[in-house]
Structures are given as structure tokens and as C-alpha cells.
Amino acid sequence: MSLYHQFEALEATPIADGVKNSVWLFPAIEATHLLALALLGGAVLMLDLRLLGAGLTAFPPSAVERATRPWLIGALATMIVTGVLMGLSEALKLYDKQAFWVKMIALALALVFTFAVKAPLVRRDPGLAAKPLALVSLALWLTVALAGRWIGFS
Amino acid sequence: MRLGFDPDASAAWLAAQPGSIALHESLYAYTWIETAHVLGITLFVGTIAMVDLRLLGLAFTRAPVSMMSARILPWTVAGFVLMIATGLLLFYAIPVRSFHSLWFRAKVLLMGVAAINIFIFHASVERDRGQWDLDATPPIRARISAAISLAAWAGVIITGRMIAYDWFDCDKPQSAFVHSLTGCPAGFTEP
Numbered sequence: 001m002s003l004y005h006q007f008e009a010l011e012a013t014p015i016a017d018g019v020k021n022s023v024w025l026f027p028a029i030e031a032t033h034l035l036a037l038a039l040l041g042g043a044v045l046m047l048d049l050r051l052l053g054a055g056l057t058a059f060p061p062s063a064v065e066r067a068t069r070p071w072l073i074g075a076l077a078t079m080i081v082t083g084v085l086m087g088l089s090e091a092l093k094l095y096d097k098q099a100f101w102v103k104m105i106a107l108a109l110a111l112v113f114t115f116a117v118k119a120p121l122v123r124r125d126p127g128l129a130a131k132p133l134a135l136v137s138l139a140l141w142l143t144v145a146l147a148g149r150w151i152g153f154s
Numbered sequence: 155m156r157l158g159f160d161p162d163a164s165a166a167w168l169a170a171q172p173g174s175i176a177l178h179e180s181l182y183a184y185t186w187i188e189t190a191h192v193l194g195i196t197l198f199v200g201t202i203a204m205v206d207l208r209l210l211g212l213a214f215t216r217a218p219v220s221m222m223s224a225r226i227l228p229w230t231v232a233g234f235v236l237m238i239a240t241g242l243l244l245f246y247a248i249p250v251r252s253f254h255s256l257w258f259r260a261k262v263l264l265m266g267v268a269a270i271n272i273f274i275f276h277a278s279v280e281r282d283r284g285q286w287d288l289d290a291t292p293p294i295r296a297r298i299s300a301a302i303s304l305a306a307w308a309g310v311i312i313t314g315r316m317i318a319y320d321w322f323d324c325d326k327p328q329s330a331f332v333h334s335l336t337g338c339p340a341g342f343t344e345p
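Order-wise, the sequence lines are chains U and B. Position 65 of the first sequence, counted from 1, bears residue number 65 in the working numbering, the numbering being contiguous throughout. In the working numbering, each residue carries its 1-based index in the second sequence increased by 154.
Chain B on its own, in the form it takes in the complex (with noise of 0.2 Å):
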């Protein structure tokens, strides 16, 4: 053992959990967790899109950018929270699975291409607000940034989406450019 953490022996491990196999084994506990979900991304990237919007000049440009901040943004950390809570939730019930999946990995990198997007947003693009903040259209580097926002959350549904197919599951034959991404261990079958 090179490495002091092995995920896919971590990953096992979590699948064992009594809670875990509760979860993926319940009638209807890991349906209603997905529909919430589903729901705290629809509140979440909802909110968002329309502070993104307001930074590219394409919406409420009559409101300042610190109002769509201060008035909105509270929001969409509060769909974040139950985003986060229950896709926590829905890797735990799937642990193995989701590791592997191509689809899973992509999101998670997306995730953070958004999380450093809003760091630089933060630390740097915000800082001279107070001159654009009633502009109708911002300067172009927060617009850069707003549509990176939108993107990079476009790209998190859409790849969190594409998880729930199997086309690039171990189970399964792959190419060898694909398994080098799935990471997926040799005669790999599903627990």
C-alpha cells in the first residue's frame, strides 16, 4: 500500500455501512432525498442564473449588483445547503458506483471550476464594485464571470443528470481511454 488513503477501499467501506445499504436499499427514502435534491439545485442554480443574469446586463439591470447580492444570495446558499446535504447523502447510499462514474467525476470537477470562479469573483473582480454597481452592463470581466457561473452550473445538471445512465459503468466493457478516466479496478463487478 502506497498511498495512507485508498479510495476504492474507502468507498467499500462506506457501502457497508448500515446506513448506507438502508439507504440504497429503501422504497422510498433515496426517492425522496433525490426529489429534494432536485429541488435544491432548482432553487440553488435558480437564484444564481438570475444574479448571473443581472451581471451580464441581461436582467433587473435597474437593480444595483450589491442589491441582487445582498437580497438574492442568501437564497441560493440556502438551496446549496439542501443541494449539498442531500447529494452527500445520495453518494453515501451509492458510494462505489458514483466514485467510478465518469459522470460523477466530471461534475465534481465542474464543481470546482464554479468554486474557484466564485473565489476569483470574491477576491478580485468584486473589489470595485461601488464603481459599476448601478451600471446596466458590468465590465466585461465580471460578465467573463458570470458566464462561467452559468456554465459551469449548466454543466453540473447536466453531467448529475447523466450519472443515473450506465454507459461508462465497470461493469461494462470500455475503452481504454475511458477507464483510464473511470479508474475503474481490473474484473471489477458491481457490489
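If we strip away everything but chain U, and leave its shape as in the complex, we get (with noise of 0.2 Å):
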């Protein structure tokens, strides 16, 4: 089966139509995407600060990354709950968007760098790679928003 009779499987599930039939439940599901959005971006600003020599800079950024690690990975958890929903609703219509696919890009990129290379060296001392964990950090996270926002406009 192709990629694209998948999207369309995808959208004829019960839960797309679901959402897809509902007046309330895209906006409501949209408005707790844009909450978690809130939330994440206080996450990953409050180590990324830290990194770049901003903020709680009292703390090391070891204890920055275990203060915000909950919130964070809540505000992940929630984001792709309500963004597969919000997807799953409209599977063809971005199938055929280049945003979504960067969006997806920049999101799987952003995940694999704050888990698998971000936390692992802050935790042990980030010391001259700070910065630019930081800065990589922030234009991974930047890219999947501005994608993002850009699903809804093309």
C-alpha cells in the first residue's frame, strides 16, 4: 500500500471522522496543541537560556534540564496526542503539504537532538558545547513552529 492510500486509510478512521464531523472538536484540540505550545517553549527556553549563559544561571544546566524534564516531555506527550488527532482529521489535505513534511522532518530531528544528544551532555556538563547545543537546539524547535504555523496558511 502506498504512503498516500495510508493517509487515506488514516482519514476514513472512526476517530478522523470524528473529529472531522464535530463543529467544537478541531478548535478544542487546536487551543490545547497552541496550550502545550506555551508550555513546551518555557521548557526548552528555560535550559536553552541556561545553556547560553541567561536565566537561572545560579543553577548548573544539569539541574535546569531535570527541573524542566517533566514539563517538557508532558507538554511532547500532549502536543502529539492533539497533533496526530488534528492530523488524523485531515490526512490527504497534508499529504500534499510540503510544511507538514518539514514540519515532521524538523520535528523527528528535534526529538532525537534534546534526548539523544542535548540531555545526555548537559547532564554530564556541557562545558564549550553549551552554546551551541543551545542555539541548535532553539532553530530545531523554531523550524518545526514555523511549519507548523504554516500548515494552516498554504
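Keep in mind the hints are simulated off the structure, nothing from the lab. Please note that the accuracy of each hint is not assured.
A few chain B residues facing chain U, derived, Cβ under 10 Å [said to hold, decoys possible]: (1) L193; (2) F198; (3) G211; (4) L212; (5) R216; (6) V219; (7) P228; (8) V231; (9) A308; (10) R315; (11) W321.
What follows is a list of derived Cβ distance ranges for each label pair [what the hints assert, rightly or not]: (12) I80/U <-> Q285/B: 37 to 43 Å; (13) D289/B <-> A108/U: 40 to 46 Å; (14) P14/U <-> A183/B: 39 to 45 Å.
On the chain U side, residues computed to face chain B include the following (Cβ under 8 Å) [claimed, not checked]: (15) I29; (16) A31; (17) L45; (18) F59; (19) A67; (20) F100; (21) A145; (22) R149; (23) I151; (24) F153.
We treat Cβ as the ideally placed atom computed from N, Cα and C, and that holds for glycine.
Given two chains presented individually in distinct reference frames, assemble the corresponding complex, making use of the accompanying hints.
Encoded structure:
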């Protein structure tokens, strides 16, 4: 089955139908997605600002990483669940949108970078890598956000 | 004319300005401003939420409250400036519909609640901060203040997003209750 047909099947699922046929569901899910975005932004910024030498400089980056981790993961989980729900309801429309694929690739890179590169290095004292880590993190998340906003406009 | 200030006429006057028309009809400017608005909100609400979570005793409990205020709130202010500047431009681009939008009116009301809450926090709640600055869980009035802040700003995000939906627009038939909230002029058609 081609990827296009898989997207077609996704849009035919009962969940997708439920979201599509409701006046309020999509906007409600969308608003929740935005609330989680603000929380995610806060959690990411607290650590990236610290790595850049701003924010909570009285604490080592490892302590800021530990303090923000549950909020980061909670916000990400909420964004992924609400994002999937919105995506299912318009899967075929997304399939044709470049912004959607840019967002998915940037999201995959941001997740791998955050949890497999940044967090382990921060826990072990990043040293000179602190600033590059923060800048790459901010650039990746900004790309995810901008591409996401563009899905709505393109 | 009983009032010296007629909001409907003012909104119509604003909508007729060349700058408003240019923004309204622009291909990309409006979109970019809206995107910057969302980024400003992320910076503003994201950082204020971290300070509020500290006040609730839910995060950064080993950081003094005064440290959170001094080190994080400047970023909140930066987000606020970006959010307000872009927000005013968005209103300028679509003044008549925004003025009568149920969601926009609810959003302004919630921003008022948030502003009063901030004022009370600085004028009263925060005054004896020295006594609980290091407490992992600040006193109940500080926690209530933080909870109101989180709820109000969440409400601002939700109602702000809903402005885009046209359910309660003036050019659609509405119940008398909705009509009393939107204040749409009789026989209104979208300009």
C-alpha cells in the first residue's frame, strides 16, 4: 500500500471522522495544542537560556534540565496526541502540503537531538558545547513551530 | 450622538486607513505578523508559566522566588512587547470584525483579569516575599495568584485562537444573548 493510500485509510478511521464531523472538536484540540506549545516553549527556553548564559545562572545546566524534564515531556506528549488527532482529520490535505513534511522531519530531528544528544551532554556538563547545543535546539524547535504555523496558511 | 466616542465609527475609520487595508489585503505580511504573535505568546506565556509553577511549588522549588522573578521575568516582558505589538497590528488589519468578535471581547476581558491579578500580586501578595522566598511551597495567596495567572493566560490563548472561527460573526443569524454580547449593529454586513 502506498503512503498516499495509508493516509487515505487514516482519514477514514472513526477517530478522524469524529473530529471532522464535529464543529467544536477540532478548535478545542487546536487550542489544547497551543496551550501545550506555550508550556513546551517555556521548558525548552529555561534550559536553552541557561546554556546560553542567561536565566537561572545560579544553577548548573544539569539542574535546570532535571527541573524542566517532566514539563517538557508532558507538553510534548500533549502536543503529539493533539497533533495526531488534528492530522488524522485532514490526513490527505496534509499529505500534499510541503510544510507538513518539513514539520515532521524537523520534529523528528528535534526529538532525537533533545533526548539523544542535548540531554545526555547537559547531564554530563556540556562545557564549550553549551552554546552550540542551545542554538541548534532553538533552531530546530523554531523550524517545527514555523512549519506548523505554515500548514495552516499554505 | 450621545457619546463623545463612537466605537463603531472609530473601528470603521480604522478599517478605512491605507495601512489597515494594505495589511488586510497583504499576501504575506499578515501571515508573518500572526506567526510572530504566536512566537511572542510562546515566549510570554511559556516563561510566565515557569514562574507561576515555581509559585505553586510545582517546579524549580530550590530556586528562590526572587531569583525566578529577576532572571526569568525580563524574558516574559520581551515576549509581552512582541505579543502586544503584533496583536495591535492584527487588530489594525481587521478592526470592525475584531471589535464585534465574541472571542476577542472575552480575550480582552481575560487580559484585564490577568492584569488586575498582576497588580494585586505586586501591590500586596509579593510584599512579604522575604519571609517565604526560599519556601518550596509559597503561602496560599501566592499560589492562588499563580493559579489565576495560569488560568487567565490559558483562557487568553484559547479565546484568541477562537477569533479565527466565524460562528458568532455579525453577518450570521445569532441568538439575542449572543447579539447582546457582540453588539453587532442592525443590518450589519461584512465590509
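Please write out, lowest number first, the hints stated earlier that are contradicted by the structure.
-> 3, 6, 8, 15, 20, 23
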